[in-house]
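Go by the hints and put chain F onto chain A.
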Amino acid sequence: AQKVTQAQTEISVVEKEDVTLDCVYETRDTTYYLFWYKQPPSGELVFLIRRNSFDEQNEISGRYSWNFQKSTSSFNFTITASQVVDSAVYFCALSEALRGQGGSEKLVFGKGTKLTVNP
Amino acid sequence: DAGVIQSPRHEVTEMGQEVTLRCKPISGHDYLFWYRQTMMRGLELLIYFNNNVPIDDSGMPEDRFSAKMPNASFSTLKIQPSEPRDSAVYFCASSLRGGGRGYGYTFGSGTRLTVV
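Just so you know, the sequences run in chain order A and F. Position one of the first sequence corresponds to residue 1 (our numbering), numbered consecutively onward. Position one of the second sequence corresponds to residue 1001 (our numbering), numbered consecutively onward.
Take these hints with a grain of salt, some might be off.
Said to hold, decoys possible - Distance condition first, Cα-Cα at most 30 Å in a straight line; then the derived DSBU-like pairs of lysine-lysine:
1. K38(A) to K1078(F)
2. K70(A) to K114(A)
3. K1068(F) to K38(A)
4. K1024(F) to K38(A)
5. K111(A) to K1078(F)
Stated by the list, open to error - Label-pair ranges, simulated between beta-carbon atoms:
6. P119(A) to V1053(F): 47 to 53 Å
7. D29(A) to R1041(F): 20 to 26 Å
8. D1063(F) to P40(A): 32 to 38 Å
Said to hold, decoys possible - Here are some chain A residues the structure puts well away from chain F; computed CB gaps all over 12 Å:
9. K16
10. V19
11. N58
12. G62
13. W66
14. N67
15. S73
16. T80
17. D86
18. T116
For the record, the hints were derived by calculation from the structure and aren't laboratory data. Computed from a predicted model, the values in this text were never measured in an experiment. Backbone N, C-alpha and C fix where the C-beta goes; we use that ideal spot for every residue, glycine too.
If we strip away everything but chain F, and leave its shape as in the complex, we get:
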């Protein structure tokens, strides 16, 4: 199993540009989570999906952020327009049946986003 695959690993973009982060979850996992890691706020949940349906996006910081999961094997997190304060590491994680009850969570390697 290749694990959770995120791309790109690093992204440097200019303020105002659109940024798209990608995630391929583990095959068969029915939950997908997007987390953001910053020095100030630590690891915070942005949004999660169950069976490709967004369930809770209350962690999404503002309307500039959007996430989609068009099928079970692909999700995107888009920031439009990007701002310097969006600079962070974005992690994608997937789990089977929510993860806490014995099934575990698997994280991708993260995308380090720098907005200049």
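Bound-form chain A, shown alone:
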């Protein structure tokens, strides 16, 4: 079965520091999708990025960047020049095929990493 491991339970940094959140996944599927979600203190789940297993290009969006490495089954997330507003719990997730559902999937989440950015 699919599994997502976020080994860092909590990280605390000072504003403007760079921080990397680790995500390691396990799957037997050859086609799969990886996600990152942000859960701020208000509680909602905010979608950040989705990558498919065939695209290993790194992606950058403003201060956010993602490093996908199939060889190590990792999909790490880096925040550059962190800000207090980045304080949240960040979840990595993997799509798991819904058998018999024509290729549809459900999300399997890691336990999350709580990031605190101090001023």
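Below, chain F without anything else, positioned relative to chain A:
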């Protein structure tokens, strides 16, 4: 688009009472998922529907939990009778054609349930 709408946002109830959580998915989405979030277990899938039909309820913790989707625009998750260990945040999510293959998942704001 109003997104996925869940109600209530917060619910406090006494042990033994019936609790009903509600979800309105995004119009046109054909999959609906109910997730539960706790400190101990993280985010876990309880049940999902495709075109209003329950497909997999293997994540439902016990018979006290039930879910329905009477039409494409409404789903309920019911707990009867409720117990303190049911205290959690319950999320509803919807997607078009399962979400993973490029269509994405949209989550509601969640219902924080406290059973005292």
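Hints breached by this structure: none
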